[in-house]
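K.L.:
Here are the chains, one letter per residue:
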Amino acid sequence: MSNDPKSIIEELSDHYQISEIKEQKADLLLLKIPKEDAVQFIRELRDGQNYTHLAFMTVIDYIESGIFTLTYMLHNYAAHHNIAVHVDIDREQTEMESIHELWVHAATYQRELREMYGIRFPGSPRLDDDFCLEGWDEIPPMRREFDTVSYSRERFFDREGRITTDPREHMKQIMYPIHTDND
Amino acid sequence: MEFWAVKIGYFLITLGMVTVYGLLLGAIIARTMARVQGRIGIPYWQPFLDIIKNLGKRTAVSHGVMFYMGPVFRIAGGIGTLAFVPVIYGSEMFSNFHFAGDLLLAMYFIFFGQLGMALGAGESGHPFSAIGVARGLGQMTAFELPFVLAIIAVVIQYDTLSITEIVAAQQGGVSNWTLFTNPLAVAAAMLAFLGMSGYPPFDVFTAPNEIPIGPPTEYHSSFLALMATNRAIFASAKLILFMDLFFGGATGLIEMIIKTWAIYMVAVVVGASFPRFRVDQSIRFFLRVPTLIGIASIAFVQIFLLG
Amino acid sequence: MTTKDQSLGPLANDGLSPEERDLFSDARPVPYQPYPIEVVEKFVNWVRANSLFMLAFGTGCGAVELNPLMTARYDAYRFGFQPRPTPRQASVFMIGGYASVKTLKRIIRSYEQMQGPKFVVALGICPVNGGMYWDSYNTVNQFDLYIPVDLYITGCMPRPEVLLAGVLELKKKIKEGRADGHNRYIENLDWYKANQKRIIKNWDMPDYSW
Amino acid sequence: MSLKDLISPFYVWQRAFEKPYTQKHPIQERPGAPRYRGFHVNVLEECVGCGTCETICQNHAIDMVQVEGLEPKPGDSGLRPKFDYGRCCWCALCVDICTTRSLRMSNHYAWITEDPTDFNFIAGADNMSWNGEEYGYRRDDDYHLLRGERVKMEMLAPEEGLKSFEEVMKGYTEEQAKDEADRCVECGLCVATCPAHMSIPDYIKTVREGDYEKGLRILYETNPFSSTCGRICTHRCEEVCPVGHQGEPLAIRWLKRAIVDRVPRERYREILGDEVVENGKQVAIVGAGPGGLSAAYYLRRQGYGVTVFEAQARAGGMLRYGVPSYRLPDNQLDKDIEYIRSLGVEVRFNTCIGREVQFAELIDDYDAVFMAIGLNVPSSLRVKGEDHPRVLSGLQVLDDVASDKNPGVGKNVAVIGGGNVAMDAARVSRRMGANVTVLYRRRIADMPADPEEIHESQAEGCTFVTQAIPVEIKDADNPDQVTIVWGEAEMVADEKGGRPRPVLQEDRMHEETYDCIISAIGQGGSLDFIPGDYRDQIEFKWGKFVPGDYQQTALQKLFVGGDIANNTADAISAIEDGHHAARGIHKFLTGELVA
Amino acid sequence: MIYAKRRKRMSTQEHNAPIDLESGKYVKIWQGPQHPGITGNMALELVLNGDEVVDCKTHVGYLHRGFEKLMERRTFIQNFPIVCRIAVPEPTFNEYLYAAAVEELAGIESPQRAQWLRTLNLELMRLASYLMWLGGIGASFGQATIYQWTVTHRDYVLDLFEEMTGARVYHMYIVPGGVRAGLPEGFEDRARAVLDGVERLLNEIEKVLFKNVVFKARAKGLGIISKEMVDPYGIVGPNARAAGFTRDLRRDEPYLVYDQLDFDVVTGTESDAYARAKVRHQEMREGIRMMRQILEQMPTDGPFQAKMPNVLHWEVPAGETYVKAECTRGEYGYYLVTDGSQYLRRVHVRGPSYTHAIAVMEKLAVGTNIADIAGLMVSLHTYPPEIER
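Residue numbers (the working numbering), protein chains in the order written: chain F, 132 to 314; chain Y, 146 to 452; chain W, 16 to 225; chain H, 29 to 623; chain C, 79 to 467.
Treat the hints as calculated values from the structure; they're not laboratory data.
Incorrect hints may appear among the rest.
Straight-line Cα separation of at most 30 Å, DSBU-like style, residue types lysine-lysine; simulated pairs [what the hints assert, rightly or not]:
1) K289/C - K441/C
2) K32/H - K285/C
3) K385/C - K206/H
4) K156/F - K206/H
5) K412/H - K206/H
6) K289/C - K47/H
7) K52/H - K187/W
8) K52/H - K188/W
9) K208/W - K289/C
10) K303/F - K572/H
Generate the whole structure from the sequences, applying the supplied hints.
P.N.:
See below:
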């Protein structure tokens, strides 16, 4: 078995539908895999190709196209190489197969993603326990439609008594007030 | 009656003196420890201020009568211990209520305080208090064994249960001290003393990093002040007892101060150098070497001194 | 802050289940009354100022500079300032910067368990006006809405030197008898509770943690 | 368990016999390091209140507030940063980005208070203990968040330029324009200084974004001569650009050009969306220069019928006849003018007021009159013999060149003056193959001409003789030549604090002979056509109109603008006058403006 | 030997049996968040059977500030001051990784000198962080003396930071594009003096802590991470090295100037708390060695900042990358996704504590004596703020 990441991917391409392969740098390869095959593919990478370390898993919110892109960052200690496996899931039907059986700490990541994005990973231990938040009942905060500034202003209030002036407007008002009324 | 009135008056003077001395000694030791840690440490009057401050705090919550009784038992234990230990040999004023069997009573009071405390702390309902109590009692039982063995050795050696008589027997030169006449008993007792004084490696029952502060977790304001006062009295009483039993007692105030300080320093020197044992480790420790030394000391007394 | 009209009835404890309610006291705390003799009160205040027990609770990043403060180089022990592991025995609460909502809940409980007179020192910018996390959904912006603060020390982080200066300043304030945050809290308890309950979503604790 | 493990820990006690680590008085003994990022200080005099610090602050810790005693002035908003120490994280990005480097940090760090609202202060203005502290964080000289160097524009090599009247500055490529626009800090200080108050930061932003259509719309809000101004504007905005405090200011003028260059004339109407809905009122405009036409544009947009009277055969006024085509190619000027005319503005060429049309007729026939007749009478040198036939006026030379006539300057030319007209005359003469000497009373730094113009003139081989005061002009031996006598001058400081004055040194006189002398020391206007009865109603000063608000004169129907009514005498001021007069006329005719 | 026996001891709890808290057999206690024996602000929910822990749950989130959310709404330069707050005792790695990731996506290369300065900064940070930790491990086992010493020496290192960067804790020195300033005059000498002091301290600690019978009794055999556990639990850094894995990003995938420095990767075999402490202790010596080399070889002039676009409206081209570095706890990484706007699309901060403090801690705590929990926690070296961010 070759250690060259490219040939590994070529080899796996026979069985999996790998798309959007991009070599970001010598030690990082990005690729995308359909949702159904993802866990099997990751298992294959772990068991077959020595990508034994899960650096992290996270999600990217593409609100415009209505998808969440899950990223699994796998590492091969022998080849010193990372593969980022992307999986697109529907932003409305947020459910994904759990990988806590492959890596124990994945359960924690899944817990976090459940809380921060509302993605469900059926079977993942303690999935519904609070992670960082306590009794959160709004939109999951990391989703892009959640506006943290207005939330903060509404609940925690800025201290009063601050006022700022825009230099341009200020100069306009004092230096050329009658030139301001445009046609 | 007049005799007792005078005695009680003398005892109160002794008590006050010992309290002040105990608190000062606490500060001195804290500063010594601080010195090892490369810093200056608390001011000498800090323990006094802490006590006044705590007395000036408000009490807010009730855990029941037993909870309040804890520190009272505790200070009763401290005062009781002191009451039967002659502080300065040959001084009417500082001899307290010594009588023929005072050693037994002193020993009893050492236990009494701890048990009372355990009772009160257990009442607070705080799990860390309970854990602390369990550890404290466990360890106490363990270090009492070599301690008692050492006491027995001494009692056999001097054939008396009166502390004053034990001190008297050690007069007449350094070589008469139990330290030199029965070094094994002293070794066992000093090892027990390490456990008794609550410095590492035997401070697992307060262990601020594991169970916040152990039994006194819930104690606050005046109860805490009482406990701090007791710590001063009890520590001094213990030191004086050790001084009397093993280091020839004291015939003057200066001698008392120097000797007790030196005994205390043994615990401090060890304490600054080691981390703490877990409670199972410390129990195991006391039940091995110190106990063996204690048994050996009795044998030593039997064979070499009396035999 | 205005004094809210004080209904001296028992606390509701309505966040608790009925069974649990019996376990917790519903009595209201009462403000600290100074000693009737002025000299005594002054003396006790002086003693209080020189015997400050800090609660060892690193609530935020500000706590990292408490380590140097309590160790050899700065040695705050010299000034009668020492850490205490349990709130029962502590008299000073150093709020280490930002307070997340989850921590705020614990801060409230710890603070209420401290026995008065007690003092709160807020470190850093975040308790003042939100600081770096002014737009975060999980940190409070104005800490004094929830717990009365006696002293603010600005900086991010405030250095140990300025923490020490803050301790000295606090001592001054206590000596002058002006550090009355604990009384403000009790006198305006309903107002503070309303503020606290507005942001703490699962209020499952007694209204006052005795 | 070895014995060693039992003994070795007692080594801790060694420390007990050493000096403790503790510092006796840490508060006093430990000031912040020289580079410490402590509390802010600001040098109020250096700060220009651009607000860039506020922009970059991710914590919203900075407010720009008014400070007592500081009024806005060109290049200084009069605002100063106020810090909220309930927000600041001492990252010093504000110090790094500060355009003037006036904002710094001291090494003080202690501020304790009981009142959380205390932590607000205006650095430098409020009396803080750390003001004037010597140490503290400063931006390192080798560390920049803003680029000081301007993107260089490609230009015709001087030797090439001399061969023709081809445009010298080539304009930015798209890439370069974006790069240059990227330097903008969007403070908007320039807007107040720009006579037309163009939305400079906004259109620079469109360059950055590559949205030139939006850029054009922004330009036309205030300036219908964008193509022209993008080339020859006096760009006073650049003088006040805060970025210029530590390097070169933004090339605002070139960026304006970058927008216009990328939009074809044909698409203007569509992009600008100018729809004319006639409102039936008629306005007469005298002079088809930048002032007149810009008024025409804005009036026309509002539906006024506009008639422009122009004495010359072509529109553009001074832009056409006073600016040589290597600076402003005709087709670029035409681009602007054609668009205005395409909206239905009628221009009557070769129609001079007082000759073909009488002033009173205009006042009577039209609802309002805007007069922007410009300055076309050269100022006198006021030396003996200045009416010598070989003394030409700079304007005349430029006019001739623009009209494809040969001004006949000869091979050896002296240009007197230091303004843009003088530079243009000199460079035009160079293109005619002459050797040019520029004589100027003061120093180069005092020249009113644009620095670029001076620089390019020098590059093209014009010789500059400064501190030279003409004394007399007399006949030379050759009748086709002329001799000038000039004396060296010393600069003497003015007691009243004005700019230094040149004083003639009688003992150092020179005499030179040239083929011709071009006098270009300024122009005046001619107002002879205004009949006396009107004349009495209108206010004049030094041969110019003195307009009131909205460029209106005491003769309510008459609005004036351009060089004849302002003291700056440049295109952009004329454009603003026209725009402003258009506003005024609109208000006047809708009855909003009550005199 | 006390500790030898401990290892053989089996847990009395059968792990499969559900824990019935009502049975009276168990006590549930909370260690934290207000607890002196916890690192930072987090909590352990422990179920005890006597002195033995039968169940452990880590509770985090007390320091959650939503960094990733906040970073999504700040511009690229505005993020630079905020990232360092993610790991309080060790902010520099955040600064470096953020800068490196942005530079990679924006196609900027920081100058050589900046790279040396960054390396120096990171290594100083590692030293300061380890010093704090070393004190922590001492204190958690009851040896408060060590803690006092090391925190003081850490303060001397912070003095160096103050001189070099202008701040003690949050340095904000490594900016995208380079660093903010060169070294102040005379810095090298002062740095060497501090390093000498720390080296002396390390020798003292060697005698006092590592050759200490009680410490050995406590730490040996505590929290053994088996070799098989390392990958499924994602264990990295010194915790993995103590288990015998020679994994160190500085050597395996050299970044900055690590390929020009001579250092050894320290490993252990026992994989218990003692071995982990030993590995870190040894790594500090390696760090000091490295810093001496850096001070020797570092270029003293030249630019330290690359040419940058105007940061006020800096748009980084769309892309994504993952940049990592070896921090004191292992692989620290920044995963950045940009979409060509002035803002980040997504950032994920991968901190090694994430798994160490939760999955690993929950596993190792079971069967441990309650008294050892604090020591175990410290021995894993975790920082809560990087877990919850």
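K.L.:
Would you mind marking each hint as holding or not holding in the structure?
P.N.:
Here is what the structure says about each hint:
1. Simply put, K289/C and K441/C have alpha-carbon atoms about 29 Å apart, close enough for the 30 Å limit, and the pair holds.
2. Annotation: proposed proximity of K32/H to K285/C holds, straight-line Cα distance about 9 Å (limit 30 Å).
3. Taking the CA atoms of K385/C and K206/H, the gap is near 16 Å; set against the 30 Å cutoff, the hint holds.
4. Between K156/F and K206/H the CA atoms are separated by roughly 29 Å; this keeps the pair inside 30 Å, and the hint holds.
5. Distance restraint check for K412/H and K206/H: the Cα-Cα separation of roughly 54 Å exceeds the 30 Å cut-off, and the hinted pair is therefore not satisfied.
6. Annotation: proposed proximity of K289/C to K47/H holds, straight-line Cα distance about 25 Å (limit 30 Å).
7. In summary, the hint linking K52/H to K187/W is supported, as the alpha carbons are separated by about 20 Å, within the 30 Å threshold.
8. Our distance criterion of 30 Å between C-alpha atoms is met by K52/H and K188/W, whose separation comes to about 23 Å.
9. Annotation: proposed proximity of K208/W to K289/C is violated, straight-line Cα distance about 53 Å (limit 30 Å).
10. Restraint check for K303/F and K572/H: satisfied, since their Cα atoms lie roughly 27 Å apart, inside the 30 Å limit.
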